[in-house]
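J.: Basically the numbering used here = 1-based index in the sequence shown + 296.
Heads up, some of the hints might be wrong.
[Said to hold, decoys possible] For lysine to aspartate or glutamate, the following EDC-like pairs were computed, each having C-alpha atoms within a straight-line distance of at most 16 Å:
#, residue 1, residue 2
1, K386, D353
2, K340, D321
3, K340, E318
[Unchecked claim] Label-pair ranges, simulated between beta-carbon atoms:
#, residue 1, residue 2, range
4, T389, S367, 32 to 38 Å
5, E360, D299, 16 to 22 Å
6, E306, S369, 17 to 23 Å
7, G382, D402, 29 to 35 Å
8, N298, E358, 16 to 22 Å
9, M297, G350, 31 to 37 Å
10, K386, I365, 33 to 39 Å
Read the hints as simulated data drawn from the structure, not as lab findings.
These figures come from a predicted structure and were not determined experimentally.
Ideal Cβ positions, reconstructed from N, Cα and C, are used throughout, including at glycine.
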Amino acid sequence: MNDDVLAAEEQRWAALIGNDFEALDSLVHPSLSYTHSNAIVDTKASWIESVTSGFVDYRSVEREDVAIISSGSTAVITGKATFMVGVQDKEITIVARFTAVWVNEDDRWQFFAWQNTPIPT
297 MNDDVLAAEE QRWAALIGND FEALDSLVHP SLSYTHSNAI VDTKASWIES
347 VTSGFVDYRS VEREDVAIIS SGSTAVITGK ATFMVGVQDK EITIVARFTA
397 VWVNEDDRWQ FFAWQNTPIP T
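Full structure from sequences and hints, please.
T.: Shown next as structure tokens:
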């Protein structure tokens, strides 16, 4: 099970960085809650719109200290990540601790929630 969730998380990042928005949409649960490092909270619709419009452009991610815990149809992935993101024509680097929640519904893993907290430099 954990390998399947980690594979889904890898697919999500590949789709996000590769601008494969159809694949990204298929991985995201309709009830997504996405909390950015600046405390803005997006729904699935608003988050997908922010990336498809180019307002936010995820360029790369490097993760470390990745761990996963699971129970039943829910899995939680935690870790530390360095993100290179384009926002309104500016490139920013974010180093943060993250939590990604995945749920297994309709016989597939779906990205359900995200929260990340910047690590002070």
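J.: Just tell me: holds or violated, for the beta carbon distance of T389 and S367 against 32 to 38 Å?
T.: holds (34 Å)
J.: Check the following: the C-beta atoms of E306 and S369 are separated by a distance inside 17 to 23 Å.
T.: holds (20 Å)
J.: Has the hinted range 16 to 22 Å been met by the Cβ atoms of N298 and E358?
T.: Taking Cβ atoms as reference, N298 and E358 lie about 21 Å apart, which means the hint holds.
J.: Keeping to a limit of 16 Å between CA atoms, is the pair of K340 and D321 held or broken?
T.: holds (9 Å)
J.: State, for the Cβ atoms of K386 and I365, whether the hinted interval 33 to 39 Å holds or is violated.
T.: holds (35 Å)
J.: Should the hint that M297 and G350 are 31 to 37 Å apart at their CB atoms be regarded as holding?
T.: holds (35 Å)
J.: Does the Cβ distance between E360 and D299 fall inside 16 to 22 Å?
T.: holds (19 Å)
J.: Can you tell me whether the CB distance of G382 to D402 sits inside 29 to 35 Å?
T.: holds (33 Å)
J.: Can you confirm whether the C-alpha distance between K386 and D353 stays at or below 16 Å?
T.: holds (10 Å)
J.: Does the alpha-carbon distance linking K340 and E318 stay inside the 16 Å limit?
T.: holds (13 Å)
Checked against the numbered hints above, the structure violates none of them.
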